[in-house]
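S.K.: Spelled out, the chains give:
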Amino acid sequence: MEDLSSLIAGFQVALSWQNVGFMAIGVVLGIIVGVLPGLGGPNGVAILLPLTFGMDPTSAIILLSSIYWGALFGGAITSILFNIPGEAWSVATTFDGYPMAVQGKAAEALTAAFTASFIGALSGVILITFVAPLVASFALRFGPAEFFAVFLLTFCSFIGMGRENRAKILASLCIGFLLAAVGLDSISGDLRMTFGSTELMRGFDFLIVVIGLFGVSEILLTVEEGLVFKGKQATIDLKVVLRTWAGLPRYWATLARSSLVGMWMGVTPGGAIAASFMGYGLAKRFSRRGANFGKGEIEGVLAPETAAHAAGTSALLPMLALGIPGSATAAVLLGGLLVWGLQPGPMLFVEQKDFVWGLIASMYLGNLAGLIIVLATVPLFAAIMRIPFSFVAPVILIVCAIGAYTISNSIFDIWLMLIFGIVGYVFKKLDYPLAPLVLALVLGDRAEDAFRQALLGSGGSLGVFVANGLVTTLVALAMILLFWGPVSDLIGAVRRRSGRAGKAAEAAE
Amino acid sequence: MSAHPEGETPRGLSRRPVELVTAAILIALAFVVLWDSYGRGAGWDNGPQNGFFPARVGWLFLAAALFILVQSFRAENSVFVTFAQLGQVSRVLGPLVLFVALIQPLGLYVAASIFILVFMGVVATSRWWSIVLTAILVPIVCFWIFELQFRVPLPKGPLEAMLGY
Chain C
1 MEDLSSLIAG FQVALSWQNV GFMAIGVVLG IIVGVLPGLG GPNGVAILLP
51 LTFGMDPTSA IILLSSIYWG ALFGGAITSI LFNIPGEAWS VATTFDGYPM
101 AVQGKAAEAL TAAFTASFIG ALSGVILITF VAPLVASFAL RFGPAEFFAV
151 FLLTFCSFIG MGRENRAKIL ASLCIGFLLA AVGLDSISGD LRMTFGSTEL
201 MRGFDFLIVV IGLFGVSEIL LTVEEGLVFK GKQATIDLKV VLRTWAGLPR
251 YWATLARSSL VGMWMGVTPG GAIAASFMGY GLAKRFSRRG ANFGKGEIEG
301 VLAPETAAHA AGTSALLPML ALGIPGSATA AVLLGGLLVW GLQPGPMLFV
351 EQKDFVWGLI ASMYLGNLAG LIIVLATVPL FAAIMRIPFS FVAPVILIVC
401 AIGAYTISNS IFDIWLMLIF GIVGYVFKKL DYPLAPLVLA LVLGDRAEDA
451 FRQALLGSGG SLGVFVANGL VTTLVALAMI LLFWGPVSDL IGAVRRRSGR
501 AGKAAEAAE
Chain E
510 MSAHPEGETP RGLSRRPVEL VTAAILIALA FVVLWDSYGR GAGWDNGPQN
560 GFFPARVGWL FLAAALFILV QSFRAENSVF VTFAQLGQVS RVLGPLVLFV
610 ALIQPLGLYV AASIFILVFM GVVATSRWWS IVLTAILVPI VCFWIFELQF
660 RVPLPKGPLE AMLGY
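Top to bottom, those sequences are chains C and E.
My numbering applies: residue 1 is where the first sequence begins, and numbers increase by one.
My numbering applies: residue 510 is where the second sequence begins, and numbers increase by one.
Note that these hints are calculated values from the structure, not bench results.
Accuracy of the hints is not assured; some may be wrong.
Here are some of the chain E residues that sit facing chain C, going by a computed Cβ distance under 8 Å [stated by the list, open to error]:
hint, residue
1, VAL542
2, ASN559
3, ALA574
4, PHE589
5, GLN594
6, GLN597
7, VAL598
8, ALA621
9, MET629
10, VAL632
11, PHE659
12, VAL661
Remember, it's a predicted structure, so these values are computed and weren't measured experimentally.
In this text, a Cβ means the ideal position worked out from N, Cα and C, and glycines have one as well.
Please build the complete structure, drawing on both the sequences and the hints.
M.R.: Here you go:
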């Protein structure tokens, strides 16, 4: 049990006073970020990333990942009290959470949501603790071809499993790759797609793109709906918490099911959103009270929250073990690792043991701290939503601009942020998914390097991608995931058509 | 996003032209990428040339964009954004562009102050003194956090130079 002793050593790292302090600060900042419109998880982490450049990497990632946990908790507050999903994966939480708040059961709904989040996150962390080292040690055998196959798997599963229009997912991925290619080519040392501009020589920093796409565009979308939020009041006292907790064991099946769904969907990228809907849908189908879903059923809050958080946490597994993030926020954290001079991927588990296990231990502690902090301070954060938006919006935008500037001290970057804000606004309204774009932008260079090295090794023959059992399996899996969506759509369409024909025949009789 | 209040159908920009224009821009971008990549060499020269990968992504991109273009002709047409919403958005976007434009000549703090004044003035939901107070306090707090605490230098203009920073 070498891993277990590493984990205990990790707890020692994470439990230092300094790191516990960062954890608390991170969780509070994260909840604020999750509650405020226009500052989601990825964006909040991206803005704060430059401020951590000088910090010790372990403390820095504890701070930033705690922001992630906080943002996950914060999303539930706005979903339940204001019927505004703070993040895409808390959309399903509004279905039953807001009706509960309307019925005056806001405190129960919030307690249920936070506890469910905690359970989901915990199952994700346990998965990471036991599976990530195995995946990492397995991945040590990977060559460039295998790595490219894993990248391919990631991108194909985005297209195949995505809920959006598939051509738009593909276009979004391609934009990410192409933006990543702009600037200095690391292999040949040539400039690509800069068209003579010195500003473009540096290429597009993904942090700028994230701040624009997720921050500025979100503000623009929010003001569309007007500048006032109307929400329900909530204070949580210990009695309600204990009563809700006492009722939870009855829903063990829902919790377990949602955790499993979440863990599975989180490891395959792009999963948290799909996982929350799947968790909700499955709970609705299997619950004895399924018919009451949507009218304020506590199970309808538990199911999506557990699944979303299990997925959100599990998304860090491929990030740590393979260097392939499973969500937009994980992608930003991965960018942070690169900035701090840590190479994510299997070698991280060998070379940076303290860092990895400190981070994993901090996931346990950070989620526990998050649960306690969020339960104690809900009224405070709900009050943030009552600050007039005409005040909040400019402050958020100024913070976004500062975040964009500090990345490389360039005013040009602030303009880029603005442009990507407008692009993000249009893309969101047209249902172009943004997460694939960010993921491809972060991974683009490394995917390209793997591809080129693999081809160099084989002398240009694509046969290298089916050269051995491992790489063939990965590529085959990628293809299955890629065509899974379109094929199941097709089957669904055929079935619906025959179903309709059947109904028409019945009606005729 | 959340449902729009449906009354009589609100007037606004319809979705199809926006889809078409976006798809057209994407197609144009794909051609730029292909032109640039093949211009530098997208073939094989003792290994993949530096345009090799972007060119292949460019072809995929072009195919996806063309598909979106075709799809957008068949998709149901709805309102993309109502004029009222567009008005709201431009009330944020206008001051924001002004803010970014002013950072270079005036420095970030002064620009932020003007941004808050203009934005809150345009929205006009707050009393004038709270607007002025916000416009003064927010840049000062930012200065304290970034310049003094984190020692991150932000763009400064004539005012800061006068004050000796």
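S.K.: Give a verdict on every hint.
M.R.: Here's how the hints hold up against the structure:
1. VAL542: holds, 6 Å
2. ASN559: holds, 4 Å
3. ALA574: Interface hint status for ALA574/E: holds (6 Å vs cutoff 8 Å).
4. PHE589: At about 6 Å, which falls below the 8 Å cut-off, the nearest Cβ of chain C leaves the hint on PHE589/E intact, so it holds.
5. GLN594: holds, 4 Å
6. GLN597: holds, 5 Å
7. VAL598: Check passed: Cβ of VAL598/E comes within 5 Å of chain C, closer than 8 Å.
8. ALA621: holds, 5 Å
9. MET629: holds, 5 Å
10. VAL632: holds, 4 Å
11. PHE659: holds, 5 Å
12. VAL661: holds, 5 Å
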